[in-house]
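Protein chains in written order, with this note's numbering: chain A, 1 to 250; chain B, 1 to 288; chain C, 1 to 417; chain D, 1 to 245; chain E, 1 to 359.
Simulated from the structure, these hints should not be mistaken for lab results. You can take every hint at face value.
Pair by pair, the computed Cβ-Cβ distance ranges are:
1) 75/C to 90/E: 51 to 57 Å
2) 205/C to 160/B: 55 to 61 Å
3) 35/E to 398/C: 51 to 57 Å
4) 123/A to 174/E: 48 to 54 Å
5) 393/C to 295/E: 41 to 47 Å
6) 222/D to 331/E: 36 to 42 Å
7) 293/E to 125/B: 48 to 54 Å
8) 110/E to 103/A: 31 to 37 Å
9) 13/A to 144/D: 39 to 45 Å
10) 65/C to 331/E: 49 to 55 Å
11) 5/B to 149/E: 37 to 43 Å
12) 180/E to 398/C: 42 to 48 Å
13) 398/C to 90/E: 32 to 38 Å
14) 275/C to 57/B: 16 to 22 Å
The list that follows gives simulated cross-link-like pairs (lysine-lysine, DSS-like), each with its CA atoms no further than 30 Å apart:
15) 181/B to 135/D
16) 12/D to 181/B
17) 135/D to 24/A
Computed list of chain E residues with no C-beta within reach of chain C, every gap over 10 Å:
18) 94
19) 149
20) 152
21) 153
22) 191
23) 216
24) 320
Bear in mind that the values here come from a model prediction, so they are computed numbers and not experimental data. Think of the CB as a built atom: it goes at the ideal place given N, C-alpha and C, for glycine as much as any other residue.
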Amino acid sequence: MTNPIPAPAKKLTPLLEARDVTMKFGGVTAVDHVDLVLNEVELRCLIGPNGAGKSTFFKMLTGQLRPSGGSIRFRGNEIGGAHPHDIARRGVGIKTQVPNLFDGLSARENVFIAAARRKSVARATAIVVEVLERLHLTDIADREVGRLAHGQRQWVELATVLAQEPELILLDEPAAGMTKAEVEQTAQLILEINRTQAVVVVEHDMQFIRRIAKVVTVFNQGKILVEDHVDRVLADERVRNVYLGNSISA
Amino acid sequence: MDLAGLIAFNVVTGIATLCLITIGLGVIYGMMRIINLAHGELMMLGAFTCIIATEAGINIWISIFVLSPLVVGIIGLVLERTIIRFLYGRILDTMLATWGMSIGLTGLIVTVFGNNVRTLANPAPSFGIGAYSTSLYGLVIVAVAVGALGSLFALLRLTKFGLILRATMERPGMAAALGIKPDTVYMATFALGSALAGMAGAVLAPISGVSPVMGVAYITRAFITVLGGGAAIVTGTGLASMLFGTIDELVSFKASPVIGSVAMLMTAVVLIRIFPTGITGRFLRRSL
Amino acid sequence: MSDHNQKLFGRRTVLKFSATAAISALAAPAYLRQALASETIKLGCIMDETGPLSLEGKPMVQTTKLAVDELNAAGGLLGRQIEMISYDTQSTMQLYTQYAQRLALQDKVDVVHGGLTSASREAIRPIFGRAQIPYFYNTLYEGGVCDRNTFCTGTTPAQTVNHLVEHGLKNWGKKTYVLAADYNFGQITTDWVRKFMAAGGGSVVGADFFPLDATNFSSTISRIQSTAPDFVVTVLVGGAQTGFYQQWESAGMKSKIPLASNVFGLSNEINSMSPSTTDGIVTCYGWYPGIDTPASKSFVEKMEKQFGGDLTGMSELDVTTYDGIMFWAQAVKKAASLDREAVLAALESGLSYDGPGGAVSLDPATHHTIRSTYLGQPKDRKWQVMETFAHQSPNDSGGQCDLKANPRLNKQFTPVI
Amino acid sequence: MNGENCFADQAKLLRVTNLRSGYGRIPIVNGLSFSVGEGELVGILGHNGMGKTTLLRTLMGYLPTSGGRIEMSGMDITQRSTTQRARAGIGYVPQGREVFPGLSVLENLRMGCFLNAEPENKVIDEILTFFPRLKAYLGRIGGALSGGEQQLLALARCMCGAPRIVLLDEPTEGIQPSIIEEMISTLRDIGKARNLTILLVEQNLNFLSALSQRILVLQKGMITSEISAETARDPALIHDFVGMA
Amino acid sequence: MTSHSLGRFLDQYGGAGSFLSVCLLLILVMFGLPLFVSTFGLLQVTILAVMSIFALSQGFVWGFAGIMSFGQAGFLGLGAYAYAVAVINYGDSTLAVPISIILPMLFAAVMGYFMFYGRISDAYVGVITLTVSVILFQLINSTSGSQYRIGVVELGGFNGIPAIPPLNLIGDPSRPLDQTGIWYATMGGLLLVYSLLRFILMSRFGRVVVAIRENETRAQLIGYDPRLFKLLAFVIGAGIAGLAGCLYVNWAGYISPGVFALTMSAQAIIFVLVGGLGTLLGPILGAVLIQWLINTIGDQGTVDPGLGLGIILVAFVLLFPKGIVPLVQAAIQQALTLRKRNVGSPLPVDADPLQSGAE
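Chain A with its partners taken away, still in its complex shape (with noise of 0.2 Å):
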């Protein structure tokens, strides 16, 4: 399939765009004005401390919550306040930090429901078996997913975000829990994944993020830090300090 005609526009709307974006609960404000531009098959990873507002964006791009303030647009739609499944029809998954999946069901099925959603049923059977195979679930494929253990069914819950072949892959903290050579495979999956689809990846652990990032953001306390490539950005004295907590006897 070649398109003559060559689409320039593409090349100039950004994937995901948030502008402006405040979530408040009550007296507290959790996200606090948050610009935040990710391009094509980009790879982005958002660090800072507890509470500092990550996962609440997160639920704000896949339509959890319901933004207070600010504008998100998905390939220049707004989908901020969209309902979860129009924001993942149009090509959003996540990873939710704690595992959440179909526990009655077997790893098999989670993985089919979400392969089904675009596909007929022999067509996600296959993907079934293809992502199950890619991420070494064979055999537990038919085990009760509630029944599992913490690092198996985040696996389950990455197998169930690639069946669905997203564009844009939300992970929050994917390596969590996890041995350490799992969380090297999981390094390498992100990194392949990241040939064909945009990534946003949360996590705390600073190894893992030097071994996939790119250009990381910093969040604290709602607000965007810094943004810069991961080599300067863990090298500011600022980032340091919100980890440390030094900026309160500066």
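Following the hints, put chains B, C, D and E in place on chain A, whose structure we already have.
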């Protein structure tokens, strides 16, 4: 003009009646988030206590205001200890279990006393509004409803126990970390709600008749009023009762009691659809 | 793996077969009962013995027992004993069709006496018609049923409501308000009130209908006051609706607007409520406990002797039930057979006897009774008979129902207004 | 058990031995032992997901213990309910503050006084001298406060109960720096005034080192080392902990 | 490959063998019972089959779609009345049957749209369905005046509608079914509904419905609109309840507002709870067992059936919240596992999460 007065009196009585049948359920739902489908049967037990006591020669007012709440409160306590407490946090399971209690209690009373309607003589005289006359008992109901809502408000707002109740309702885990036993608080709340239901059943007995199956007539009304009212027990119950009671009485007068009741239920369904958290969930969020 | 699957399958199949066995076992007693009781004559009774309608229903079952016992004590019928097969419908409509089918298909009874509300009669009448089992409906009702297989011994509006209305028009005034139970009995009876009022030059200024479990009458009491009728006719049925009388009194209406009723008193109201509530409500029935005839007195004595403290107030319903069974017994004797056609022919031969309510005869044309009716009111927990109307015809169909001439007729005539 | 051990036990206010717990079948706290003496300020340092909050929730009785033992002044409280632990003198400032959102600040503090035998007014007045910022808000409801103010309220509420030991779960989470500083000085002041015992769980190294006398390092549900507050400022440790150079 | 995963899926829900054996059993009962049982006996078991269909409707909506419908009797009643009105008006049951299924579905569609698209929480769905069934009861109960008629049929209020003609051969009103015919029709309906639900649960749609019950948020994040799936499941459940209503009328030959009553809804819930939530065999088993129990207690007369039902309901919620069928399945599973171990193929230690997790 006299007719308007009579209708107004009926509307106020209707609102008060709704308040009364709701308040016990409101306490249990508002405090514990338990949808107590046995509420109507607790009212029925209150009415039965009252009728048995008066038949045994006890003064009717003592039966209504002391015996019925006491007996039903104790029954509530027993039910909480033996059934409800194992189901905290499982809202659907509590619904099922309380529904089971509801069916079972009705069956028990039918088995023991037979499925008959008993009547209780109305202890209040009539009074005139111009050319019209009506029962003074309406005033008793209004007084009891106002008194019950007022005391509940005072209990929650002014006493240490009320403070503990409100705190436990908001964050039971944190309350426990401050040395409170949430379990005991829930037990007391359920008993309080049951006692209020028992009293309501007894208060209404002289005008409604007493039968083992009478609970069904109350449960949907009580529910929609609680849900329509929302989280704030006193304000919510009051406001929702005003809305639904007025609709019920006016439509009943214009058309028929059945149409009145249907109109009220329909309003409630629409209200819950528009404000899923009830009137006080949407407005007046910080009220009690 | 497949080995285990087979085991699993095998075990499950066994489980399921035992379930089938259980189901067939459940249905088995049907044969047993049929085989056992071929010697007796079977009288089916279907009645609300418990539930909100039990105040009316239970004494009727007791009367049925008394009548059957009496017949058996006198040697039964055709030299055979009568077996009473009774089902309690628990004031629940669904149970009527269920038990009626059981009486017809399983018990295969020879006659059925029963049915309390008109709703229940209409539910079961077709079943006995199809099963060709003579059916006696012994309750006072709205009148007009015209069905060869059905016999109605209770009083009808043409025998009672007309007198109530006449009494009201003469003593109280031209305007009335009707409160009625919301089903065919209440609806049709209200139409009769309308018709009789119009005929007497009066009018019905309002009519309210209530479901059987209605308990709150305050809005209606307000409405009645706003239309200011000269008297109120109540057609309220069952335990719950009797609450109206207390609310009426406590609203202070008792001294303002008089009440007339063709159902008040059937649920033992004069004993369960205080005389201040009940005194002076004018009623019209085919029998009152106070009627001073030997047959009436001995009936009350027999009932009290057999049921004693279990007896909760007696009414016309008991007498007409007794009449129904006696007419049937008379017909069986006359026909000397249980064959349906023979029994129906005997029933249509102009039977009559002296019942507790006075001389009663069975009208061959309408299958209703020609009997005396009385106007009465409670005074201090006793019924006072105010007036007697002898030989009242069940003229509700206006002569259109003649089952002798037209045996295939099967409909209910209702008042034309 | 010999006499010496007994004595040693009593010297320690809180003693945790080989503690295990987790969510469902997923073990988070994996055989962990430490103790806190009367008047000690002990910090626990650990990454996310290392079991810090799980540890405190287990100590407070929200999570069942699947193994090991918890003692308060020699009394075994492993099987006790949260309420009983609170009554044994454990105060808790949870992650996320958990102020009662619909109750006013004053009512929140009154709830804190539940276990304190002293008259409410007196207790609250005294505590408010350490939290001057809250004085202006007494009538406001808890949910309307900012995150930092809620954190101060949660601390003050806990102090009202005069606990013998305070469990503090990441008090700096999402809090603006000015309030973090205020918390440090407030905690120091109260600590001095009342000989307070604190078990503090944190990621914020600076806060941790500013308040703790010694710091336990928590990794994968186990205490892997103990360091002094000074060492916590060591760049090598920081590198190890934060992963930044 | 597809058939392999299908088989896996079936295993998860009780196995293909179980499906076939249930069907076989139903067919066996359907054709076998008339050989042994009198007309009246057949009448008694017909109601068990009708109630089984009703239970399946509740079982699907609640057990698989996770919708807490407390007013399933509303649809039963609508179906029953729709059949009664249609069959009397047309004098032929050919159209009346589909009407009795479609009308409740339309009603459920409106109601479901109202609830599910209105972000109404699970518990409130329970209260709203309950309230709506009470409204229906009150409305139908107050239609005894002769002005309330549809075509030639008076709705009759409390009286109900008597003498409703039974099903007839398709397109031929002169050949109505007798008692045995209605038994075949009812069992056929049960078999059809059971198979249909089996098929739905195997389809993509059914699997998503179950997934939504398991975790609504996750399903949303994958891109499924839970509101739509719940709505469809609710509508399907209403259609099945409508069919049950149609067959109920055929069984009774008469209909009254009692079908809308809360006790009917309560019974359906008890059937499912006792039989087993999230199974198809469970509701059938529960219906047969409980209905039989009600009849037995009802006949015996000294104890009100409500007392027994209430105790059963509470006991199952407290002690066996999963119901009988899963309990039996688990027992069989355990027996099989034990057997396996005895045979001498010990499970690898880390293969069993229960063992490795619990310490």
